[in-house]
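K.L.:
Heads up: the sequence lines are chains A and B, in that order. Just so we're aligned, residue 14 is where the first sequence starts under my numbering, counting upward by one. Just so we're aligned, residue 77 is where the second sequence starts under my numbering, counting upward by one.
Hints are not guaranteed to be accurate.
[Stated by the list, open to error] The calculated DSSO-like cross-link candidates involving lysine-lysine, where the alpha carbons are at most 30 Å apart (straight line), are:
1) A:Lys400 <-> A:Lys356
2) A:Lys336 <-> B:Lys315
3) B:Lys84 <-> A:Lys145
4) B:Lys262 <-> A:Lys203
5) A:Lys253 <-> B:Lys343
6) A:Lys15 <-> B:Lys269
7) A:Lys145 <-> B:Lys380
8) B:Lys415 <-> A:Lys124
9) A:Lys15 <-> B:Lys84
10) A:Lys95 <-> B:Lys379
11) A:Lys226 <-> B:Lys313
12) A:Lys115 <-> B:Lys379
13) A:Lys203 <-> B:Lys292
14) B:Lys292 <-> B:Lys162
15) B:Lys263 <-> A:Lys386
16) B:Lys313 <-> B:Lys269
17) B:Lys380 <-> A:Lys203
18) A:Lys145 <-> B:Lys315
19) A:Lys309 <-> B:Lys208
20) B:Lys421 <-> A:Lys145
21) B:Lys172 <-> A:Lys124
22) A:Lys336 <-> B:Lys415
23) B:Lys404 <-> A:Lys109
24) B:Lys84 <-> A:Lys203
25) A:Lys226 <-> B:Lys127
26) A:Lys115 <-> A:Lys397
27) B:Lys78 <-> A:Lys336
28) B:Lys263 <-> A:Lys125
29) B:Lys208 <-> A:Lys15
30) A:Lys145 <-> B:Lys331
31) A:Lys356 <-> B:Lys379
32) A:Lys145 <-> B:Lys162
33) A:Lys95 <-> B:Lys404
34) A:Lys226 <-> B:Lys415
35) B:Lys262 <-> A:Lys99
36) B:Lys448 <-> B:Lys415
37) A:Lys99 <-> B:Lys448
38) B:Lys467 <-> A:Lys109
Bear in mind the hints are in silico, worked out from the structure with no lab data behind them.
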Amino acid sequence: MKILEGVTVIDFTQAYSGPFCTMQLADFGARVIKVERRGVGDQSREWTPFNNGHSGYYAAINRNKESLSVDIATPEGVEIIKALVKDADIVVENFKVGTLDKMGLGYEDLKKVNPEIIFASISGFGQYGPLKSLAAYDNVVQSMSGIMEMTGFPDSVPTRVGPAIGDNFTGLTMCLGIVMAYFNKLNTGKGQRIDVAMMDTIFGILESPILFKNLLGLEVTRCGNNDAATLVPYDVYPCKDGYFSAGLASDSGWDRFCNVIEMPELIDDPRFCTNELRCENYAIVTPIITEFFLKKTRAELQEAFSVANIPNAPVLSVPEIMKHPQLAAREMLSELEDPGIGKYLAIGNPMKMDMTPAVIEFGAPLMGQDTDKILKELSYSDDKIKKLYSDNIV
Amino acid sequence: MKPLNGVKVVDFTQAHAGSLAAMLLADFGAEVIKIERAGVGDLARYWAPIKDGESAYFTYLNRGKKSISINASSDEGREIIFKLLKDADVVCENFKYGSMERMGLSYEEIKKVNPNIIYASLNGFGQTGPMKETIGLDLQLQAMSGLMDRTGFPDGPPTKVGAAMGDQLSGTYMATAINLALVHRKKTGQGQKVDIAILDSLFSILEAAPVTYYLKGEVPGRVGNSYPSISPYDTFKAKDGYVSIGISTDRQWFKFCEALGMDDLAKDERYMTNESRGDHYESGLKEAIEKVTTTMSKFEVEKKLRDARLACGAVCTVTEAMESEHIKARNMLVEVDDKAIGKIKIPGTVIKMEGTPGGFTEGAPLLGEHTKYYLTQLGYSEAEIQELFDKKIIEMV
Chain A
14 MKILEGVTVI DFTQAYSGPF CTMQLADFGA RVIKVERRGV GDQSREWTPF
64 NNGHSGYYAA INRNKESLSV DIATPEGVEI IKALVKDADI VVENFKVGTL
114 DKMGLGYEDL KKVNPEIIFA SISGFGQYGP LKSLAAYDNV VQSMSGIMEM
164 TGFPDSVPTR VGPAIGDNFT GLTMCLGIVM AYFNKLNTGK GQRIDVAMMD
214 TIFGILESPI LFKNLLGLEV TRCGNNDAAT LVPYDVYPCK DGYFSAGLAS
264 DSGWDRFCNV IEMPELIDDP RFCTNELRCE NYAIVTPIIT EFFLKKTRAE
314 LQEAFSVANI PNAPVLSVPE IMKHPQLAAR EMLSELEDPG IGKYLAIGNP
364 MKMDMTPAVI EFGAPLMGQD TDKILKELSY SDDKIKKLYS DNIV
Chain B
77 MKPLNGVKVV DFTQAHAGSL AAMLLADFGA EVIKIERAGV GDLARYWAPI
127 KDGESAYFTY LNRGKKSISI NASSDEGREI IFKLLKDADV VCENFKYGSM
177 ERMGLSYEEI KKVNPNIIYA SLNGFGQTGP MKETIGLDLQ LQAMSGLMDR
227 TGFPDGPPTK VGAAMGDQLS GTYMATAINL ALVHRKKTGQ GQKVDIAILD
277 SLFSILEAAP VTYYLKGEVP GRVGNSYPSI SPYDTFKAKD GYVSIGISTD
327 RQWFKFCEAL GMDDLAKDER YMTNESRGDH YESGLKEAIE KVTTTMSKFE
377 VEKKLRDARL ACGAVCTVTE AMESEHIKAR NMLVEVDDKA IGKIKIPGTV
427 IKMEGTPGGF TEGAPLLGEH TKYYLTQLGY SEAEIQELFD KKIIEMV
């Protein structure tokens, strides 16, 4: 049993944010029909890495979906979309604001075809507000929201979060909105419009600096990998084979920490004996502590700190975490046969539900692979389908 | 009308991630009844920033919720909790693995009184696997997940995200999973168990790195603020800060040169294509662009490029972002009159639903503010409530 079995999603999204959103819906059983521009397709089909001439990027976020390739800028294309929307539950799009309206496929147009439709728009800055028509890349949103200013080291430059969180986190947030709207539709029969912006999403997670400013008038900025204003030691230290994070979650435990790092003389050192003093003397205590880390490997450090019950973790590379037994036990990676890139390890869905688990059934669709099937379902005759092909509509 | 009106959540979460999930449910109309330990309450009540002993962090995470303060390890306390659970729809918790079971509040126990309950757990490593009992703080989970390894500069250390990324992300996954479970229950009558791990959540957002490793046998190193396949896509120094730019086509490149008055660069043979710009980026192009951007303020560069319809954004401090007209227009800072800390603006509701908008009008509850209300609703008499209070089973305001 899949939760969203029988739910149809007409998915205009491309690139990363929208496809990440609709992948969640597909994982839980929704039929996601990806509408791709005829001849071009989702732009992420061009993104690295490639295998057999197909994009691994695209494959990783479009599994479990179908692909309909159609030119939606033609009247025939619009007609096909409207026929699909008639029996659909959800439309998702991440075009620039107003693009679908111009094509006659905006919310108002589609509501006429299906008054109960849920119409979800993901964009850089949202459907209203002074910046609504701006183009947004992830780096632009990360810059403007404040997250870059907050990430990195105080003596260095503002730093972008490596993965495009402006895209994936916004996609997930929209997924939450869609599922709530669908729950509401089950209860009331009513559809509605949802608007989620990358800028709002990333700004919204900066609660700590926002609250410091609003409550105390204090402006806080990036602090690297530590939290030296409130907790010392709580940091990432270079070690023999990489980097290692260790820290005390409160004032207590300094004696245990000193014993682990084989420097018992520091326990009663008047410069470091309380958390407050250590915060004050962060620049002095850190190089002393680091000496120990430099002599040990991550595995040795993990053993030593775990025995002493001090929160710790190695900084792992992507290949290392992919091989970790915890992720294996959580079924966070599973082999999938993709029609484009072939066999690969697909990332599992983090929402673990015991009755209705996410199911990763098939790989990402080849461009337009489901066009024929979908048109037939809409009762288009073979002749008519042939004509749509020859007229370059599908 | 909000989409989750009529949904009752008995909420054992505290601190950040789980509490955030329940906050999202409360924003959209669920009745969230926070069960807090008598005498102590949620840990987040002690989190900075603090003014006059009261935490704004707590206000943010617990706006619109109700609070019952109770000693859950006493028989009378447990009885109250089970009465509440009887007609609840959802239970949320984010304790260390096994804690709920020790308190007699496992899924199996609660199912006995409410077979269709949705029972959602969240913690660092989840309810299964060799590390399920390990306590992970945000720093540790960012370190292990690969997210830190992907963030920062090639010649610098792995770098932590400057927000509680693991908590925010996993809390959002938990709220989504609870809503999926509500949909399933609406259709079939069945409840179920939901299990969210912060580590899984962070691992799920590494973009193309995992598939790249699988296909190519290696993952390119972290790239700082640039992006290897698009040039220039980077953050540049301005007179008073930094500005980020993304130029993805040759046409945009010429518009970019024109907008910033860089005629010499537009004519330079080395910079004619995206590929050649990439080849010469570190060996001269970046420096040439910064020579120009450093003569202007970050907002000046932003304006010039925006007028040319190019993707760009000044690197804003959080204060600058808070003061932007756009954030105001989007209602992303909302003032509440909190009973503990008074009037304060806290981050608003991100998901804008036209038909059933979310939001909040109240701050966070005082510890035990709603104890009496709910006990009365459960049929306890005034005298019984007083007795429970005298025996220190419950706390009231």
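K.L.:
For every hint, state whether the structure bears it out.
P.N.:
Now the hints, each set against the structure:
1. A:Lys400 <-> A:Lys356: 36 Å, violated
2. A:Lys336 <-> B:Lys315: Distance of about 45 Å is beyond 30 Å: violated.
3. B:Lys84 <-> A:Lys145: 36 Å, violated
4. B:Lys262 <-> A:Lys203: 16 Å, holds
5. A:Lys253 <-> B:Lys343: 48 Å, violated
6. A:Lys15 <-> B:Lys269: 15 Å, holds
7. A:Lys145 <-> B:Lys380: 18 Å, holds
8. B:Lys415 <-> A:Lys124: Not OK: Lys415 (chain B) and Lys124 (chain A) at ~43 Å, beyond 30 Å, violated.
9. A:Lys15 <-> B:Lys84: 24 Å, holds
10. A:Lys95 <-> B:Lys379: 40 Å, violated
11. A:Lys226 <-> B:Lys313: Between Lys226 (chain A) and Lys313 (chain B) the Cα gap is close to 25 Å, so the pair holds against 30 Å.
12. A:Lys115 <-> B:Lys379: The hint holds at about 27 Å.
13. A:Lys203 <-> B:Lys292: It is violated: about 47 Å lies between the C-alpha atoms, which goes past 30 Å.
14. B:Lys292 <-> B:Lys162: Violated. Lys292 (chain B) to Lys162 (chain B) sits at ~53 Å, over the 30 Å cutoff.
15. B:Lys263 <-> A:Lys386: 28 Å, holds
16. B:Lys313 <-> B:Lys269: Violated, at about 50 Å.
17. B:Lys380 <-> A:Lys203: Not OK: Lys380 (chain B) and Lys203 (chain A) at ~44 Å, beyond 30 Å, violated.
18. A:Lys145 <-> B:Lys315: 27 Å, holds
19. A:Lys309 <-> B:Lys208: Holds. Lys309 (chain A) to Lys208 (chain B) sits at ~26 Å (cutoff 30 Å).
20. B:Lys421 <-> A:Lys145: 23 Å, holds
21. B:Lys172 <-> A:Lys124: Cα-Cα ~47 Å, so violated.
22. A:Lys336 <-> B:Lys415: Violated - the C-alpha atoms of Lys415 (chain B) and Lys336 (chain A) are around 49 Å apart, more than 30 Å.
23. B:Lys404 <-> A:Lys109: 21 Å, holds
24. B:Lys84 <-> A:Lys203: 22 Å, holds
25. A:Lys226 <-> B:Lys127: Distance of about 12 Å is within 30 Å: holds.
26. A:Lys115 <-> A:Lys397: Holds. Lys115 (chain A) to Lys397 (chain A) sits at ~26 Å (cutoff 30 Å).
27. B:Lys78 <-> A:Lys336: At roughly 43 Å apart (the allowed maximum being 30 Å), Lys336 (chain A) and Lys78 (chain B) break the hint.
28. B:Lys263 <-> A:Lys125: 27 Å, holds
29. B:Lys208 <-> A:Lys15: 27 Å, holds
30. A:Lys145 <-> B:Lys331: 22 Å, holds
31. A:Lys356 <-> B:Lys379: 47 Å, violated
32. A:Lys145 <-> B:Lys162: Answer violated: Lys145 (chain A) to Lys162 (chain B) is near 46 Å, above 30 Å.
33. A:Lys95 <-> B:Lys404: 36 Å, violated
34. A:Lys226 <-> B:Lys415: 19 Å, holds
35. B:Lys262 <-> A:Lys99: With a Cα-Cα distance of about 24 Å, the restraint between Lys262 (chain B) and Lys99 (chain A) holds, given a limit of 30 Å.
36. B:Lys448 <-> B:Lys415: Status holds; Cα separation ~17 Å.
37. A:Lys99 <-> B:Lys448: Outside the cut-off at roughly 50 Å; violated.
38. B:Lys467 <-> A:Lys109: 62 Å, violated
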